[in-house]
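Number of protein chains: 2
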Amino acid sequence: MQALWLENGQLSYRSVVESPTCQADEALIRVLLAGICATDLQLTQGYYPFTGILGHEFVGEVVHAPSKPALVGQRVVGEINISCGDCVHCLALRPTHCSNRRVLGIKQHHGAFADYLRLPLSNLYLVPDNVSNEQAVFTEPLAAALEIQQQYAIKPTDTVLLIGAGRLGQLIAQTLALTGCQLQVVARYPKQQALLEQQTIQWIAETDIQAQHYDLVVEATGSASGFQAAVNAVRPQGTIILKSTYKGDIQANLSQLVVNEIQLLGSRCGAFAPALRLLAQQKLHPELLIDERYSLAQGLEAFASTQQKGVMKVLLEP
Amino acid sequence: MQALWLENGQLSYRSVVESPTCQADEALIRVLLAGICATDLQLTQGYYPFTGILGHEFVGEVVHAPSKPALVGQRVVGEINISCGDCVHCLALRPTHCSNRRVLGIKQHHGAFADYLRLPLSNLYLVPDNVSNEQAVFTEPLAAALEIQQQYAIKPTDTVLLIGAGRLGQLIAQTLALTGCQLQVVARYPKQQALLEQQTIQWIAETDIQAQHYDLVVEATGSASGFQAAVNAVRPQGTIILKSTYKGDIQANLSQLVVNEIQLLGSRCGAFAPALRLLAQQKLHPELLIDERYSLAQGLEAFASTQQKGVMKVLLEP
Numbered sequence: 044m045q046a047l048w049l050e051n052g053q054l055s056y057r058s059v060v061e062s063p064t065c066q067a068d069e070a071l072i073r074v075l076l077a078g079i080c081a082t083d084l085q086l087t088q089g090y091y092p093f094t095g096i097l098g099h100e101f102v103g104e105v106v107h108a109p110s111k112p113a114l115v116g117q118r119v120v121g122e123i124n125i126s127c128g129d130c131v132h133c134l135a136l137r138p139t140h141c142s143n144r145r146v147l148g149i150k151q152h153h154g155a156f157a158d159y160l161r162l163p164l165s166n167l168y169l170v171p172d173n174v175s176n177e178q179a180v181f182t183e184p185l186a187a188a189l190e191i192q193q194q195y196a197i198k199p200t201d202t203v204l205l206i207g208a209g210r211l212g213q214l215i216a217q218t219l220a221l222t223g224c225q226l227q228v229v230a231r232y233p234k235q236q237a238l239l240e241q242q243t244i245q246w247i248a249e250t251d252i253q254a255q256h257y258d259l260v261v262e263a264t265g266s267a268s269g270f271q272a273a274v275n276a277v278r279p280q281g282t283i284i285l286k287s288t289y290k291g292d293i294q295a296n297l298s299q300l301v302v303n304e305i306q307l308l309g310s311r312c313g314a315f316a317p318a319l320r321l322l323a324q325q326k327l328h329p330e331l332l333i334d335e336r337y338s339l340a341q342g343l344e345a346f347a348s349t350q351q352k353g354v355m356k357v358l359l360e361p
Numbered sequence: 044m045q046a047l048w049l050e051n052g053q054l055s056y057r058s059v060v061e062s063p064t065c066q067a068d069e070a071l072i073r074v075l076l077a078g079i080c081a082t083d084l085q086l087t088q089g090y091y092p093f094t095g096i097l098g099h100e101f102v103g104e105v106v107h108a109p110s111k112p113a114l115v116g117q118r119v120v121g122e123i124n125i126s127c128g129d130c131v132h133c134l135a136l137r138p139t140h141c142s143n144r145r146v147l148g149i150k151q152h153h154g155a156f157a158d159y160l161r162l163p164l165s166n167l168y169l170v171p172d173n174v175s176n177e178q179a180v181f182t183e184p185l186a187a188a189l190e191i192q193q194q195y196a197i198k199p200t201d202t203v204l205l206i207g208a209g210r211l212g213q214l215i216a217q218t219l220a221l222t223g224c225q226l227q228v229v230a231r232y233p234k235q236q237a238l239l240e241q242q243t244i245q246w247i248a249e250t251d252i253q254a255q256h257y258d259l260v261v262e263a264t265g266s267a268s269g270f271q272a273a274v275n276a277v278r279p280q281g282t283i284i285l286k287s288t289y290k291g292d293i294q295a296n297l298s299q300l301v302v303n304e305i306q307l308l309g310s311r312c313g314a315f316a317p318a319l320r321l322l323a324q325q326k327l328h329p330e331l332l333i334d335e336r337y338s339l340a341q342g343l344e345a346f347a348s349t350q351q352k353g354v355m356k357v358l359l360e361p
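Which chain is which? The protein sequence lines are G and S, in order. Numbered as in the numbering used here, the first sequence ends at 361 without a single skipped number. Numbered as in the numbering used here, the second sequence ends at 361 without a single skipped number.
Worth double-checking, as some hints may not be accurate.
[Stated by the list, open to error] Derived lysine to aspartate or glutamate pairs resembling DMTMM-like cross-links, with alpha carbons at most 20 Å apart:
#	chain 1	residue 1	chain 2	residue 2
1	S	Lys352	S	Glu249
2	G	Lys290	S	Asp292
3	S	Lys150	S	Glu50
4	S	Lys234	S	Glu249
5	S	Lys290	G	Asp292
6	S	Lys234	S	Asp172
Keep in mind the hints are simulated off the structure, nothing from the lab.
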């Protein structure tokens, strides 16, 4: 099969890669669509060491499932963390924090930028009929966005600031808007602003952020300046949720967190089922973010395009 | 009256300072005992600009209370934040975060290292008869320690690590121990270790901290290395509570907070009533921390002693 292969931080298109062989408790899945996200870009920039097939956002069709043949022909999406089931975190029902976890296209498990992938059956979720492939391919980042509500009870009366309106930021904006909260999104680029306006979500410039005002601030830029802006914007005893990782250490004024008794919550992956329920209800429209589609053979071009400022979602179509 | 006066970061003893005149809604209080804490040391090191009489930990006797004469002769302690009652934070029942707050001996209000001080009646709490002056003088830092349980529900089965066993750390250790949690305290100095042993609280060396293990980590050192130790010690989806401020910005790896979905809580002042209830029940013994007592005239000597490594609590007795 064909695939996009990462090795020593170098991404390449390979037309002949061995197809995965699935175990008894796994399924072999033909990839229908896959999405490129910031983590993929970071992997190609050498942030984490990974060798193999990249990609973790996908929708596919089951082509082989030895212990559950009824799955064959079904459309599925897949939880990306493959947990051991035996470690202290798995036993404490924190499987996404499994000490021995492998992660699709990120750690010790080949990913979705290929004709086929394999995943344990327990990682798979059926895609409802009325959810298109173009929507379902966003299930993983939508689940990550919804992890915010999993960790923090947003009140409909809360004033909420979202800093960052890029790929993940746009999905977070859509999910936050469902709570009825008073949402403002800091958006720098005209395209980001237009997308928010299309959904009647209020965007503001950085200079319009009110100091010590917001009950909740979601930081989705992954930059030191975004973090400091969040600390300045949140009200005393308010909450900041960090949705992006930062490159290396950053300088931070932690005393402000103490004096103003701020709650800081790191937030990563989320549950797939709620994301699929909201997609089935057509309450979320991630497909608005799609800018371009490329074949796997054009994969390097797709990655180059994803790195352009203002470009939202680029899909790969094997 | 006599007082310890701070000006341009310089502390001095003054034998003749004008006595405070109390307003209708205030009380004039004769100071019986006052405690020196880390914030006082920081103020003399110029961390915050303040001019006037230092000191915010005290127990005193009411000598004048125009609108509540029955208070005269009563022993009291006092909430240190003097709030306006009108700002958005006061109206939202966050008076300790009042935008216009004055703070006893810290901001725009003369403090307790003097013969007399004044405070609003609404800031005062009667000291139960069976609580000694030597215990009551710790009400303010005990309230700050209990703010942890106000912000975070500690489970009796939680594994808890406290980093730092100095003045505030010892009080936190005593209040954490009341929850029945599995508590370990990182203590560097023999005196800190002995105090903990005396109360059957387990102390460990820094090298014995278990990585990614604790449900809750309380950081009470105010150092960058203490913060990093806390991040390394907390389990995925666990909580870190910051009880100390940091000098300037610190270098921090915030990505670890995101990947492991850590909750960080800044924690400052707490409520006086619970601290007094626990003192009345004789469940807390802060008086064990008292090392030395000085007169106000010996105030500079008292401050010099407080800065010695291993010295716990130094009291001033006007």
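Quick rundown of the hints versus the structure:
Taking the CA atoms of Lys352 of chain S and Glu249 of chain S, the gap is near 18 Å; set against the 20 Å cutoff, the hint holds. Using a Cα cut-off of 20 Å, the hinted pair Lys290 of chain G and Asp292 of chain S holds, with the two alpha carbons roughly 17 Å apart. A threshold of 20 Å between alpha carbons decides the hint, and for Lys150 of chain S with Glu50 of chain S the separation of about 13 Å falls inside it, so the pair holds. Between Lys234 of chain S and Glu249 of chain S, the direct Cα distance comes to roughly 16 Å. Compliance with the 20 Å bound is thereby established for this hinted pair.
With a C-alpha separation of about 17 Å, the suggested pair Lys290 of chain S and Asp292 of chain G falls inside the 20 Å cut-off, and the hint holds. At most 20 Å may separate the alpha-carbon atoms for a hinted pair to count; Lys234 of chain S and Asp172 of chain S exceed this at roughly 31 Å.
In this structure, the one hint that does not hold is number 6.
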